[in-house]
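These protein sequence lines are chains A and B, in that order. Residue numbering for the first sequence is 266 to 1153, as defined by the numbering used here. Residue numbering for the second sequence is 441 to 606, as defined by the numbering used here.
None of these hints come from the bench; they were simulated from the model. Wrong hints could be hidden among the right ones.
27 Å max Cα-Cα, derived DSS-like pairs, lysine-lysine [unchecked claim]:
| hint | chain 1 | residue 1 | chain 2 | residue 2 |
| --- | --- | --- | --- | --- |
| 1 | A | Lys419 | B | Lys512 |
| 2 | B | Lys463 | A | Lys665 |
| 3 | B | Lys478 | B | Lys463 |
| 4 | A | Lys1137 | A | Lys889 |
| 5 | A | Lys742 | A | Lys1034 |
| 6 | B | Lys463 | A | Lys693 |
These figures come from a predicted structure and were not determined experimentally.
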Amino acid sequence: MSDNVTLTIDGVQVTVPKGTLIVEAAKQIENEIPVFCYHGKMDPVGMCRMCLVEVGQPAIDRGTGKPELDEDGNPVVRFFPKPMTACTTTVSEGMVVKVDTSEAAVDDRKAVLEFLLTSHPLDCPVCDKGGECPLQDLTIRHGPGNSRFDYEDKQHFPKRYPLGDLIVLDMERCIICARCVRFQQEIAFDPVLAIENRGRRAHIVSYSKPGFDSHYSGNTTDVCPVGALTTRDFRFGARAWEMTNVPSLCNHCGVGCNTVLGTRAGTIRRIMPRQNEAVNELWICDKGRFGHHFNGSPDRLTTPLIRKGEELVEATWDEALSLIGEKFGAIKSANGADSLGGIAGARLTNEDLYVFQKLFREIIGTNNIDHRVGLSAALEDETAFTVGVGVGTDLGSVGKGTTILNIGADLDQDAPILYLRVAGASVKRGAHVINAGGRRTKLDAQVQTTLRYNYGSAARLALGLLASVVSQGLVAKEWADSRTSGMADLEKALKNFGADKVAEATGLTTNAIDAAAKAFAEAENGIIIFGLEAGNDPALRAALEALALATGHAGKPNNGVIAVLPHANSRGAIDMGILPDRLPGYKPVESNAGLSAVEMLTAGGVKGLLIAAADPAVESESYKQALQQLDFLVVQELFLTETAQMADVVLPAKGNAERDGSYTNLERRVQTFDMGVPAPGKAWADWLIFTGIAGQLGADWAYASADGVMAEITQRVPLYAGMDFKNLTAPISLQRKTEHYIYEGMSFTTDIREGIQWATVAESDSAPKIPLRFIEPAKASSQEQGLTLVAPRMLYDGGRLLAEADVVNAHILEPQLMLSRSDAQKLGVSTGDSVTVSQNGTAITVPVYIERTVSEGVALLPRNLAGRPAEKLVGPNGLYSTVKVEKS
Amino acid sequence: MGWTEKEQQDLEKILKKYPADRKLSAVLPALYLAQREKNWLDDDDIEAVAEALGIETTHVHSIIGFYTLFRKEPVGKYMMEVCTDLPCALRGAEDFFKRLCERMGLGPKGGTTEDNLFTVEEVVCIAACDKAPCMQINLEFFESLTDEQIDEVVAGLRAQASNNGA
Ligand code: SF4
Ligand code: SF4
Ligand code: FES
Ligand code: FES
Chain A
266 MSDNVTLTID GVQVTVPKGT LIVEAAKQIE NEIPVFCYHG KMDPVGMCRM
316 CLVEVGQPAI DRGTGKPELD EDGNPVVRFF PKPMTACTTT VSEGMVVKVD
366 TSEAAVDDRK AVLEFLLTSH PLDCPVCDKG GECPLQDLTI RHGPGNSRFD
416 YEDKQHFPKR YPLGDLIVLD MERCIICARC VRFQQEIAFD PVLAIENRGR
466 RAHIVSYSKP GFDSHYSGNT TDVCPVGALT TRDFRFGARA WEMTNVPSLC
516 NHCGVGCNTV LGTRAGTIRR IMPRQNEAVN ELWICDKGRF GHHFNGSPDR
566 LTTPLIRKGE ELVEATWDEA LSLIGEKFGA IKSANGADSL GGIAGARLTN
616 EDLYVFQKLF REIIGTNNID HRVGLSAALE DETAFTVGVG VGTDLGSVGK
666 GTTILNIGAD LDQDAPILYL RVAGASVKRG AHVINAGGRR TKLDAQVQTT
716 LRYNYGSAAR LALGLLASVV SQGLVAKEWA DSRTSGMADL EKALKNFGAD
766 KVAEATGLTT NAIDAAAKAF AEAENGIIIF GLEAGNDPAL RAALEALALA
816 TGHAGKPNNG VIAVLPHANS RGAIDMGILP DRLPGYKPVE SNAGLSAVEM
866 LTAGGVKGLL IAAADPAVES ESYKQALQQL DFLVVQELFL TETAQMADVV
916 LPAKGNAERD GSYTNLERRV QTFDMGVPAP GKAWADWLIF TGIAGQLGAD
966 WAYASADGVM AEITQRVPLY AGMDFKNLTA PISLQRKTEH YIYEGMSFTT
1016 DIREGIQWAT VAESDSAPKI PLRFIEPAKA SSQEQGLTLV APRMLYDGGR
1066 LLAEADVVNA HILEPQLMLS RSDAQKLGVS TGDSVTVSQN GTAITVPVYI
1116 ERTVSEGVAL LPRNLAGRPA EKLVGPNGLY STVKVEKS
Chain B
441 MGWTEKEQQD LEKILKKYPA DRKLSAVLPA LYLAQREKNW LDDDDIEAVA
491 EALGIETTHV HSIIGFYTLF RKEPVGKYMM EVCTDLPCAL RGAEDFFKRL
541 CERMGLGPKG GTTEDNLFTV EEVVCIAACD KAPCMQINLE FFESLTDEQI
591 DEVVAGLRAQ ASNNGA
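Required output: the full structure, derived from the provided sequences and hints.
See below:
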């Protein structure tokens, strides 16, 4: 039997897959059935009754079981006596649907609108949704001209009710479609919104502490079909039709969410998600939505500055660049090229980073470059080159038959939209997710299997899983034989990682390890995700790479490894070779590898340093001292950071909204963003600044645009062949663009792009065999007495970019030591008390917070917070250490 | 609040009836238990139920809000719940409700009497539609009510309350 069904809607025939809802079938022939509660990403509920249509089915003769025919030989259609909701009714063969051709259905919808409007304030002129409001539009198209309801009977609610400190509710406008409640439940897995009371007194509430406690709250304002939910950030910010909508990308984490900047009069008024089904679907997290204020901040650097004694004084670009040329030139001729170095942060674009490395490698003549400072120093990854997830991987579609193994990433904090997709794969589509971590994280509640390992044992866990795959005979032999080498040696090395030993090191049971290995190996698709809390350990990465290869989970879509790298372009920084020992495209430096960031930030490492988009001075006292001893320091930045204050020359850079460029996300998807607003003062794009410096040192580069730089990258970095801006910016299938916003919640028109993923070695059949690597993990730390202090990353960090976003300020943690209740009891402290945390002579004092997600023996002190107390104890690049905690 | 020892025992009994991964199913009996002592639920009670069942506080509130049997504000000893849903309204329940409020010395939306003895409240269908106006006082039903009957019932309850030394 065919899996398709043919039906007729308003006289037009359409064939759709079985199980399709009437509303979706109608959409395909551009018959827009009006909806409010229906949303393509959520389960249908049929709450609002706006989509009522008349539905008929071919009559079947009971005697013969054949369709009844009328005199003319046409099938007789029997209509259901009552209208049906098109959003909950699935199609059937021969069905006849009347949307606009049925007077009754037209009347019904008119009546539904009249009901919905009985208590609506109709304050469209001052409502933020005005102009992009489904209620407004559908009322004009389908509604009655006036209302018969008694004005005195209108329900009244507070007009400005904060659901949390980000989202404001105007309950009078709400039509109880429950899209917001369902979004939080079904998509964000933070069920912190609900409908309280019934009938006309029903209203939306949040009782979490703090209110509306979710990283995804802003999305509810997009899906709300009326102006009931607004963000505090955008409230009364601009009228929808006055804004220009510019395709952009979020620059706050490695997910690479597609966004649209709503700009007006040269400023960003709001950021909304831009659909990309392969990346962020229709969502962004609140950091991405509200964390844009650094772009328009009055504190931005607007002009180059040159040090005159104690002071930094304003200068022209010519003065600044020629001073850099002169000083760098002099240092190089006196001490050699290797006395210069550069550090570039991973929030710069591919174009910036490519030019940056070219400046150092080709013009100055040194490999002293690195991007590994701050968070970038805490997690590295080279496995993407060989076994990164296959091109075409879509975490939004995987389900049954897929096993996702997450090791050491707290996805809700580290990569929020990835969290939604992984949790969705588990809860909604039945993927087997194994969440391995050193502590309880939010994902635990949404998955089938959790593995709690001892901090520091993640590499052993990975090797244990691999050994278990081998001993259970689950190696994908044929594939591994033809595509990899060194299996025999690997198997030998794995002898030391039998389940017993690994169980002891990790604190897991042998059964749990074997079961996880089996679930991963036997799955049709296998994806490995790893993050910060697995430790920055080459042994771990070698083991995960081998695990993917040995199980054949590499080289195809929905298989392979994803490193949850911290920044928007962390992947690009590695791809572009911002490393002392690796050139663009993962080519090792043959000879004279350069100094790492840590080495350059050690006193005596280099004499002249260029630092762009990084602030090492705040991270550690020793970095600061090293910076003080430099002969010449150039800092290229958005703000006068601590590092910039120490510079000899400060160069103002453009923010991401003020220029175009490309980022490569953690799934290796290269994506572009456009320029949205003008830059303040005389700021330049980073690639242009590097080009200017190169010019002073004798280069004759003629880059005129980011586009032009990318054109060169496509020529010189084979991984990026074909990724010129023309291809990257090409809008995809226009069908998606025309889907009307009443179904999805976004009214603006802007380019929908998909980006391009580069292919891994495992994907190329002609590539040489991939060697299976084994690296002996470092000795487990000796059993020192004390608590294990872990420094995880928080979404709302104390970084400079977020500091400018007043709306989220309340969400940025003050440094605090999170303890389990039992450890707190042992220490005799409770929430709010202050404790002294010490390690090797370094001591800090912080307040305690009792947190139920923390396991006994572990204390959390998030990194990247004001004063960087965690970094003082675990080191700027470390993850954890054993500490002593005392009541102070 | 923190459950009393007895409540804790009862809670465990309730929870035992449901599979460990379906604790949400226990929410109604758990709320009923939390309300047993003082006849209404304060924020701590609600928090305690949420914690016992491992669900969001907001979720518990929405369930409370759906049922008129649960209350988030102090109420009188006797809850007088009058159905004013459509079928009852057609039999004069709305007017009856207004008159009841008047007789009890309350505003048109009901409320609690000064002596904290009675709370008058409009509710939705209590399944006695054919005998409207109808009212539930705590667990007892009163049907096809007249104003005179109200006075009788109220007087009786007042007497009962003072006998119990309330
Ligand atoms: S607030 Fe908006 S999304 Fe939520 S129920 Fe009301 S109308 Fe629907
Ligand atoms: S998940 Fe990451 S990329 Fe996406 S909006 Fe949030 S911070 Fe930005
Ligand atoms: S009932 Fe179908 S859209 Fe609401
Ligand atoms: S409608 Fe009043 S009891 Fe049913």
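Against the structure, the hints:
1. Taken as a hint, the A:Lys419 and B:Lys512 pair is honoured in the structure, with Cα atoms around 25 Å apart against an allowance of 27 Å.
2. Between B:Lys463 and A:Lys665, the direct Cα distance comes to roughly 26 Å. Compliance with the 27 Å bound is thereby established for this hinted pair.
3. At most 27 Å may separate the alpha-carbon atoms for a hinted pair to count; B:Lys478 and B:Lys463 meet this at roughly 24 Å.
4. Distance restraint check for A:Lys1137 and A:Lys889: the Cα-Cα separation of roughly 13 Å lies within the 27 Å cut-off, and the hinted pair is therefore satisfied.
5. For the proposed pair A:Lys742 and A:Lys1034, the alpha carbon gap of about 14 Å is at most 27 Å, so the pair holds.
6. Distance hint between B:Lys463 and A:Lys693 is fulfilled; the C-alpha atoms sit about 20 Å from each other, no more than 27 Å.
Hint check: no violations occur; every hint is consistent with the structure.
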